[in-house]
Amino acid sequence: MGLIIGVVLVAAGVILFVMLPVLRGDWASMGRSEDEVTEVDARKQAALRGLRDAEYDYRSGKIDQADYEVLKSDLARQALEAMEEESAGGHTADEGAPTDGAMKRSKGSAAKGASFDADGDRLEAEIARVRKGMAEGRTCPGCGHLNVKKSRFCTGCGERLGEVATTAGNPVSA
Amino acid sequence: MKDNGKFFVGLGGVALVVTYLIWTGVSQTMIYYLTPVELIARVEQDPTFHHVGVKVSGRVERGSWNRAEDELLHHFTVTDLIDESVRFPVEYRDILPDTFNDTENVDVVVEGRFREDGVFEATIVLAKCGSRYEATAEELLG
Amino acid sequence: MILLGELALWIALPVGIWGAVAGFVGGRKERGDLVLSAEYSVYAVFLLLILTSVGIITAFVTDSFEYWYVANYSNRELPTFYKVSGLWAGQRGSLVFWALLLSFFSSAAVFTNRAKNREFMPYVAGILLTISSFFLVVLLFADVNPFERLPFAPADGRGLNPQLQNYWMTIHPPTLYLGFTAFTIPFAFAMSALLSGKLDTRWIVITRRWTLLSWFFLANGIIFGMRWAYEELGWGGFWFWDPVENASVLPWLTATAFLHSIQIQENRGMLKVWNMGLVTLTFLLTIFATFLTRSGLIESVHTFAENTTIAFIFLAFMGLMAGVSILLIAWRYPHLKSENQIQSFLSRESAFLFNNLILLGAAFTIMWGTLFPLITEGLTGTAIAVGPPFFNRVNLPIGLALLALMGIGPVIAWRRASRRNLVKNFRMPVLVGVMVIGALFLRGVHHGMALLTFGLSAFVMTIIIVEFVKGTKARARIEGEGYFPAFYHLVSRNRRRWGGYIVHVGVVMIFTAFAGVAFNREVLQTIDPGETITIESPFGHEYVLTYQGLSSPRGENMVRQAVALMTVARNGRPVESLRAEKVLYVKWESSPITNVGVNSYILEDLYLILENVNDLNGAFENDAGAQRATFKVQVNVLVGWIWYGGFVITLGGIIAMWPSRGSTTPAPRSKTKTEGERPALAARS
Chain A
1 MGLIIGVVLV AAGVILFVML PVLRGDWASM GRSEDEVTEV DARKQAALRG LRDAEYDYRS
61 GKIDQADYEV LKSDLARQAL EAMEEESAGG HTADEGAPTD GAMKRSKGSA AKGASFDADG
121 DRLEAEIARV RKGMAEGRTC PGCGHLNVKK SRFCTGCGER LGEVATTAGN PVSA
Chain B
1 MKDNGKFFVG LGGVALVVTY LIWTGVSQTM IYYLTPVELI ARVEQDPTFH HVGVKVSGRV
61 ERGSWNRAED ELLHHFTVTD LIDESVRFPV EYRDILPDTF NDTENVDVVV EGRFREDGVF
121 EATIVLAKCG SRYEATAEEL LG
Chain C
1 MILLGELALW IALPVGIWGA VAGFVGGRKE RGDLVLSAEY SVYAVFLLLI LTSVGIITAF
61 VTDSFEYWYV ANYSNRELPT FYKVSGLWAG QRGSLVFWAL LLSFFSSAAV FTNRAKNREF
121 MPYVAGILLT ISSFFLVVLL FADVNPFERL PFAPADGRGL NPQLQNYWMT IHPPTLYLGF
181 TAFTIPFAFA MSALLSGKLD TRWIVITRRW TLLSWFFLAN GIIFGMRWAY EELGWGGFWF
241 WDPVENASVL PWLTATAFLH SIQIQENRGM LKVWNMGLVT LTFLLTIFAT FLTRSGLIES
301 VHTFAENTTI AFIFLAFMGL MAGVSILLIA WRYPHLKSEN QIQSFLSRES AFLFNNLILL
361 GAAFTIMWGT LFPLITEGLT GTAIAVGPPF FNRVNLPIGL ALLALMGIGP VIAWRRASRR
421 NLVKNFRMPV LVGVMVIGAL FLRGVHHGMA LLTFGLSAFV MTIIIVEFVK GTKARARIEG
481 EGYFPAFYHL VSRNRRRWGG YIVHVGVVMI FTAFAGVAFN REVLQTIDPG ETITIESPFG
541 HEYVLTYQGL SSPRGENMVR QAVALMTVAR NGRPVESLRA EKVLYVKWES SPITNVGVNS
601 YILEDLYLIL ENVNDLNGAF ENDAGAQRAT FKVQVNVLVG WIWYGGFVIT LGGIIAMWPS
661 RGSTTPAPRS KTKTEGERPA LAARS
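Residue numbers (my numbering), protein chains in the order written: chain A, 1 to 174; chain B, 1 to 142; chain C, 1 to 685.
So that you can see chain A by itself, here it is in the shape it has in the complex (with noise of 0.2 angstroms):
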């Protein structure tokens, strides 16, 4: 007998709890937070890390000073590219259809190559930043200010501060 009611009990908790949120009307999150790694968050940290990873090849003998400077300049294309998309729009709408992100890339990179140079400096100071901020502290995406540890808002501007937050933490190996 005793059984028995254990039994119910344990179903009818189970149950309950499952049912739970449908009954009350709670609804879990189903959108993108604020301190998520967006897509373009995603390329930026990938180019930053392929700067950062062609160094130490170059460094380490693996590739000649004139490749190194081509995919230097490229990746820092790439890197300058997501920067300024993030700044400027806060997250882009990602739907899954890369083919076209991609070919937007492609073609604003043309446009932005006559430019490059004046931005070559900025380029430099804002790699150094990020990097530096990757080793110590927080690099404000938007403004380019250097917060201290754990910041979770930009000294600078204010802007929330996000979480360099790809689950696995890793940079990527190069």
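The set of hints was computed from the structure by calculation and includes no laboratory data. Computed from a prediction, not measured in an experiment: that's the story for all the values here. Each residue gets a CB set at the ideal place from its N, CA and C atoms; glycine is no exception. Some hints here could point you the wrong way.
[What the hints assert, rightly or not] In silico DSSO-like pairs for lysine-lysine, Cα to Cα no more than 30 angstroms straight-line:
no., chain 1, residue 1, chain 2, residue 2
1, C, 473, A, 72
2, C, 337, A, 72
3, C, 337, B, 6
4, A, 72, C, 29
5, A, 72, B, 6
6, C, 473, B, 6
7, C, 473, C, 424
8, A, 72, C, 470
9, C, 424, C, 470
10, C, 29, C, 470
[Unchecked claim] What follows is a set of in silico ranges between Cβ atoms, one per label pair, in the way DEER data are often shown:
no., chain 1, residue 1, chain 2, residue 2, range
11, A, 23, C, 337, 51 to 57 angstroms
12, C, 14, A, 6, 16 to 22 angstroms
13, C, 555, A, 5, 20 to 26 angstroms
Starting from the structure of chain A, add chains B and C where the hints point.
Relative to chain A, chains B and C alone:
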């Protein structure tokens, strides 16, 4: 297109090598996997079959196991799983698996060659203890 | 308690089905309440399966032999240890165990993503619950219910197969199962990406660690299996190309390929369709592995009893999952186009691709060889089999190619490597490899393939060591650090890469150990107490074993045992003695079990097998005259390097998986149970 081209060249190359390896591997190491009934039938049909490597699955006949004293030499008889009258003696000169015995229903797979003198010269013996099969309710309750 | 466990299974199935439906519908219709319900269902199924597992274990521990499953795998005198592991000892319990682990990982996946990656989670929950429900359906309706009862309880159970009565029983199956079930998570995310249309690299980034975890458990599980075979089967071998062994290696091979090819997608946006295919294939192979073990389709010493119902159900399930995955990939194909191209044959992309093709080639050949009897019987009526000679032959060149790639990979640059740089970077390692081959040759090693293996191993080791050195130096220079901090930061800033190199070192050690098999020695002798057996190893060590005699102590759950004692002298000096045994376990009196004695040294193992006692019954009775016995003594060269390599792989894997700063879950955001979430949802759409 260009990217696909390089990729498929690589794929094709590896596929070719793998196919070659499998082809030669199989043709040089393959052995027939037969039941005792099939084995004896084959050998009767084609006496050259005595020289072919084969693998035979059957059952150890109860009470047929004999180990020579002081010598690593085992003798036992293998019967067909379906027709127990079909059987042949086996000779084996290596360590038998622990699951091997001749007191229960032990299924074996022997690999080697069926000699002209009617004895199977085994190079490999695998045994699956009959009692490894899950017992039915009757067997459990005795 | 046991009854509760049984009923928990019945409750779990409708909950699982509800959750799966709620997940898919909730995701499609953007109904957050259904999604939350689906996620709760994931937790609920896990809790219920815990109840079920506890119920089964309780049945074992309380000797409840009225349960068919307990009666078949336990007996009163069985040590408690093995009663607990009875959960996975047989077909039925192991299905519950699989479901338990799957639901555990599912819960972990849902929990760690409760505040992020939300666009994926509805479908992830749906897919995971679908798969869990499949296992529940099998358990409840395919005549494999572990709670099936006999008309009355027999006095005692049949006992556990003595070959399973060793501590590896508690380690090897669980580790393998952890590996198999963990891979369901990446698969679920991949399918979720296809369903939701979020086809960028995020699903890969999210599941990277899960893939690593699964790979890690699979590798260790396979190595544990080898160790078990080596220590327990008494032949000195560790791998037999048994169908079930082969089946466990297949998903490991494709998972290894996947671990490499996702890097190409992350870095260069290529191989998107390839990766979708690989993750699906790996998942299917995990199901195939368990299918092969359960169906009795191919004879193996590992299989559970044959069960054709299960065979068909699993086949149908695999077909369904394969079909759905292919459809989804085809549907999303336009969005899976590569963003870049391979620019040069001489590039890391190219090397990784070769790696993939070779690993898949190995998987294909192993699959082919394993299924060959079935295929030939189906096509010609006569079964034709291939055995270890086939597998060894075919996999040798593949293994050598993989070794070479492990050396080439780290050195070759992305996109386009310059030939000149490659030559410059290869010069020393190649030299080292050649010198090693030369030195070994002069010392008398003339086995061609082994020499090649050793040479390539030296080549790879040199390259990896140089990588660490160069990387440390470069970092020290750029960041202005000392060498020690530079090394530490180097590794911790890029754990995947450097952890990966350490894993490669472990793999190289294992391949080297395989080559050592060619040099094993053995001696077979029948002797009386006082006599000796002498054996010399290829390294020049001489072992003299002096037979002391047989004793017959009583052990737990044993009827009788005969223990042979040998004192050992190594190069004239006494070392640890060896014991080899024949044991008769309770309920299994017709099959004495052979236990070997092993002394392990760095370069070789001394391995003692008690092959036969002339008068075993006399020995069991401690009869002084019944001491004459036949022994096989082996020197197994380099076999220890398999286990050492396993440790290194474990170390590298842990480093690669170790979370770094920035990967911690964001400050806890409670799943807001208020209406507040809905506006957020509306704002986004």
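Q: Could you check the hint for me, namely that residue 555 (chain C) and residue 5 (chain A) are 20 to 26 angstroms apart, CB to CB?
A: violated, 45 angstroms
Q. Within 30 angstroms, alpha carbon to alpha carbon, are residue 473 (chain C) and residue 72 (chain A)?
A. Holds, because 21 angstroms separates the two Cα atoms, which is no more than 30 angstroms.
Q) Within a Cα-Cα threshold of 30 angstroms, do residue 337 (chain C) and residue 6 (chain B) meet the stated pairing? A) holds, 16 angstroms
Q: Measure nothing beyond the straight line between the CA atoms of residue 337 (chain C) and residue 72 (chain A); if it is 30 angstroms or shorter, mark the hint as holding.
A: Roughly 25 angstroms separates the two Cα atoms, so the pair holds.
Q. Do the alpha carbons of residue 424 (chain C) and residue 470 (chain C) lie within 30 angstroms of each other, as the hint requires?
A. holds, 14 angstroms
(Q) Given a hint of 16 to 22 angstroms, does the C-beta separation of residue 14 (chain C) and residue 6 (chain A) actually sit inside it? (A) holds, 19 angstroms
**Q.** Pairwise beta carbon distance, residue 23 (chain A) to residue 337 (chain C), judged against the given window 51 to 57 angstroms
**A.** About 45 angstroms separates the Cβ atoms of residue 23 (chain A) and residue 337 (chain C), which means 51 to 57 angstroms is violated.
Q) Would the pair residue 29 (chain C) and residue 470 (chain C) pass a check requiring their Cα atoms to be no farther apart than 30 angstroms? A) Violated - the C-alpha atoms of residue 470 (chain C) and residue 29 (chain C) are around 54 angstroms apart, more than 30 angstroms.
Q) Straight-line Cα separation of residue 473 (chain C) and residue 6 (chain B) no greater than 30 angstroms? A) Violated: residue 473 (chain C) and residue 6 (chain B) sit about 36 angstroms apart, past 30 angstroms.
Q) Is it true that the CA of residue 72 (chain A) sits at most 30 angstroms from the CA of residue 6 (chain B)? A) holds, 25 angstroms
Q: Please work out if residue 473 (chain C) and residue 424 (chain C) have their alpha carbons no farther apart than 30 angstroms.
A: holds, 18 angstroms
Q. Hey, residue 72 (chain A) versus residue 29 (chain C), does the alpha-carbon distance stay inside 30 angstroms?
A. With a Cα-Cα distance of about 45 angstroms, the restraint between residue 72 (chain A) and residue 29 (chain C) is violated, given a limit of 30 angstroms.
Checked against the numbered hints above, the structure violates hints 4, 6, 10, 11, 13; every other hint is satisfied.
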